Structure formats: structure tokens, C-alpha cells
Amino acid sequence: VIYLQSQTVLTTPLPDDEVALLDTVTQRYYTLNETGAAIWDLFAEPRSAASAAAMLEEAYDVDAATARASVQQVVDDLARDGLLTAVEPAAG
Amino acid sequence: MQASLRFRRPLLFVPAPLFLRVGPLRARLTAADASSHEALQDVADAFGLPDDATSAPDLQLGIRRAESLPALPAGWDEVTRYGPEVRLLRQGDLIVVAGLDVRSTVNLAAGTAEIAAVPEARDGSVEGHLVVCLTLLLRPAGLYPLHAAGLHAGDDGVLLVGPSDVGKSTLAYNLVRAGWSFLSDDTVLLHHPAGGPVDAFAFRRRFALDADAGDRRPELAAQARPLPGTEAKWSVGVEALYPDRLAAQATPALLVFPELTGESASRVEPLAAGDAFVRLAAQSALRELADAHTRAHHEALGALLAQCRRVRLLAGLDLLDAPERAADLLNRALRDGVPSRYPPAAPRS
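From first to last, the protein sequence lines are chains A and B.
For the first sequence, this note's numbering assigns the number -13 to the initial residue and increments by one for each residue that follows.
For the second sequence, this note's numbering assigns the number 33 to the initial residue and increments by one for each residue that follows.
Honestly, the hints are just simulated from the structure, not real lab data.
Treat the hints with care, since some could be wrong.
[Unchecked claim] Have a look at the derived ranges for each label pair, beta carbon to beta carbon:
#	chain 1	residue 1	chain 2	residue 2	range
1	B	280	A	49	54 to 60 Å
2	B	226	A	67	30 to 36 Å
3	A	-6	B	338	21 to 27 Å
4	A	46	B	368	30 to 36 Å
5	B	47	A	3	50 to 56 Å
Just so you know, these numbers come straight off a predicted model, no measurement behind them.
For glycine and all other residues, C-beta sits at the position ideal for the given N, C-alpha and C.
For reference, chain A alone in the conformation it holds in the complex (with noise of 0.2 Å):
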């Protein structure tokens, strides 16, 4: 499945990495840590997980099984509350 940032959320950024985001359509905030906020990041862009993680191994001093585990759990997250919408994958 391929994400992409729901247009309805409004990033803010925050000390120490960290990052706010806004469902403006439920008026519900959520906030990310350092790495929830790198995961976030990434899906600026429509990805996978698998993408993601590549990514986040790459930047992280981290192995792949926890870059992986760590993508899903926030990809899981916020896609169930909608601030991630799955996509179609870019035609080409």
C-alpha cells in the first residue's frame, strides 16, 4: 500500500525534533517524538512502509527489523485516525 500525508492535517513542527500534527476535519491532535516525526516526514511523499523503512534505516543508525517494526507500528497508527491516506501508486 502506498501513503501519502492526509491534506486535511496540519503539521507543526516542535522542539527537540518532535512534531504536532492537527486533524483539522475532528479537531484532534496528536504529537510524534523524534522518530515518529523523522516516519512522518517521509510520507510528505506517497510511499510504502517498506520505502519508508529503507529510508529511515538508511538516515538511523538502526537495523532493518527496527526500522521496520518501528514504520509499522506509526503507520498503523495513523492511517487507522486517517491522518495517512492510502494511495494508488503514481501511474508510471
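Using the hints provided, position chain B relative to the given structure of chain A.
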């Protein structure tokens, strides 16, 4: 014909407009009749600083008594409700604040608000509408109300952020007694100019203190009057007691989130940025408007967090009786930062 009109005019009471400074803005408030003027004067006394009439106003509010209220517009979006009675409807730059006995129309683009109140409207309703209209008009100018007491400790601004009844006003009054200056016990206006730090401006000046505060502080009684709508609170003009302590503006360096514990001793603990952001957002008025100003508002909150130390103040009973205790705790948080817990837990015996 003209002579006849001039003859009639003195029979009408047309109060002079009031001119106020609200944060960096100038406001002109006009009332069409004596009773509306009284409500304007109360709000002006509590929320702004007197200004002269030499400059063109940024904001204009008008209020009049009307036998019947204007009809509600059809098909507008309902943005929010304040309690069961007051609805906020919006279409583009126009907002209608609809209550049972007062109806206001706000034009955000023009910076104007017109308030109509039936003759028997309660004072609290009229003043509530005035404050909501003023608040709505401040937002397009980049002024965001935050439910927080604002204080000045030396060069540093300190905001006590939290919902009602967590002790903000009592704590703020104790800090004023301990020598700090104050902006407000209840609401400040945040302003984030491009490239600069977030500033806080004074908004409500009159303190709302628990009525039993007079038992502990006899000097309050002379400056207190009952707060409309509640018997439990006094409205207190603290600037009359401490005229040199009223500050118009501060640059916050410390955010304090008070919580009442009922324990004997108070302490402070650090707070993560994300937790602090959610608490700030919860105390930010009109965030539910979700419009072109929402992003700038949230970025101002993020910038405020970046420039401030952040602490939870677990407020114990000692803050009521020992005002220097709060000043000591918060001065240390400003000066030294906050270890994981201050004061440290007592060693187990």
C-alpha cells in the same frame, strides 16, 4: 429643516466613542445609547489600555439596543457553540455570533463588529459578545488569545497556562506581591512577528480572585467587587494596589502549567514539547475556526515552545500562604532550568 434637526439632537444621548490600545492595535468602540455605553466602558476598563483618538483605528466595534434581533443568516456554516445558547456561524470573512438576547456581526476583512442587544439583555451576555467580537477581530492581525496569566520576572516573561480553577489568578497575585509585574491573570495575546520571538500582550487586566482570598489578603477588599454571574469570585483591580507593576508586553521565557495537588509542598517538573503543545492548544481561543490563520497560530505556539523552558507546577497548599515560595520555585526554573524533579524527592529514611 437643518435648524430643526439641530434642535432635536440634544434630546438623544450619543455617548462619545472610547479609544483603546489592545496589544499593538488601536480600537474604537462606539455605543448608540447609555446602557450600551456602560457595557463598553466595563469591557474597556478590563481589557484594554486607554488610547487617544489621534490615529485611525485598526478595529471598530459598535453596539446598540434593539427591540428585535437581526434575522439569522440561512445556509451559513456553524463553526462552534459556546454552551447551549450561543452559536458561531460563518460565511467567508463574515461571522455571526448568535445568542438568545444578543446578536453580533463581525466582518474580519474590514475589522469591524456590530452588536445588537435587546433591552433586557443580561450584562454578562453583552460583555461576553463584546469580548468574543474583539477576540475574533484580533486573530486576522496575528494576535492569538491564550488562556494564561502573564507575568514579568525581571527581563523574563512567564506564562501560567491552564484551564479555569487551577489557581492561575491566586498564583499570579502572589507573584505580584513577591515583586513581579503582571500583564493579566487570565488571558494574554500572543504575537509572532516575522523573524522575531513570540511576544505576549496584556489582555484582561482585572483579576478574578476567589472571594475568600480577602480573608488572607485584607488589602484586596477595597479593590474588589463581585464578578457578574458568580458569587465565588471577586473582580479585583490589582493595578490600583500595585500601579507600577502593570506591564503591557513581555517576551515569554518560561511556560508554567499549574495543577492543584492538595499536597502540602509544591514542586516543578519538566514537560516534553509535545505535551506542552497540546496543553497550549487546549487553552487557545478560537482554534476551532480552522481557516487561513490556523497555520500561523499553530506556528506561533511552536515558536513559543522553542523559546521557553516548560514546567508543570504541581501546586500544593504552601502556595496559598507563602507567596515567596512560588516566586522561588519559578525563579529557579528560569535561572537554572529544571532537573527531572525540583525540589528533589526527600531521601527515604
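Results for each hint:
Between residue 280 of chain B and residue 49 of chain A the Cβ separation comes to about 56 Å, which falls inside the hinted range of 54 to 60 Å. Taking the beta carbon of each, residue 226 of chain B and residue 67 of chain A are about 33 Å apart, inside 30 to 36 Å as hinted. Judged by the Cβ atoms, the range 21 to 27 Å given for residue -6 of chain A and residue 338 of chain B holds: they are separated by roughly 25 Å. Distance hint check for residue 46 of chain A and residue 368 of chain B: the Cβ-Cβ separation is about 33 Å, which falls inside the suggested range of 30 to 36 Å.
For the hinted restraint 50 to 56 Å between residue 47 of chain B and residue 3 of chain A, the CB-CB distance of approximately 55 Å keeps it satisfied.
Hint check: no violations occur; every hint is consistent with the structure.
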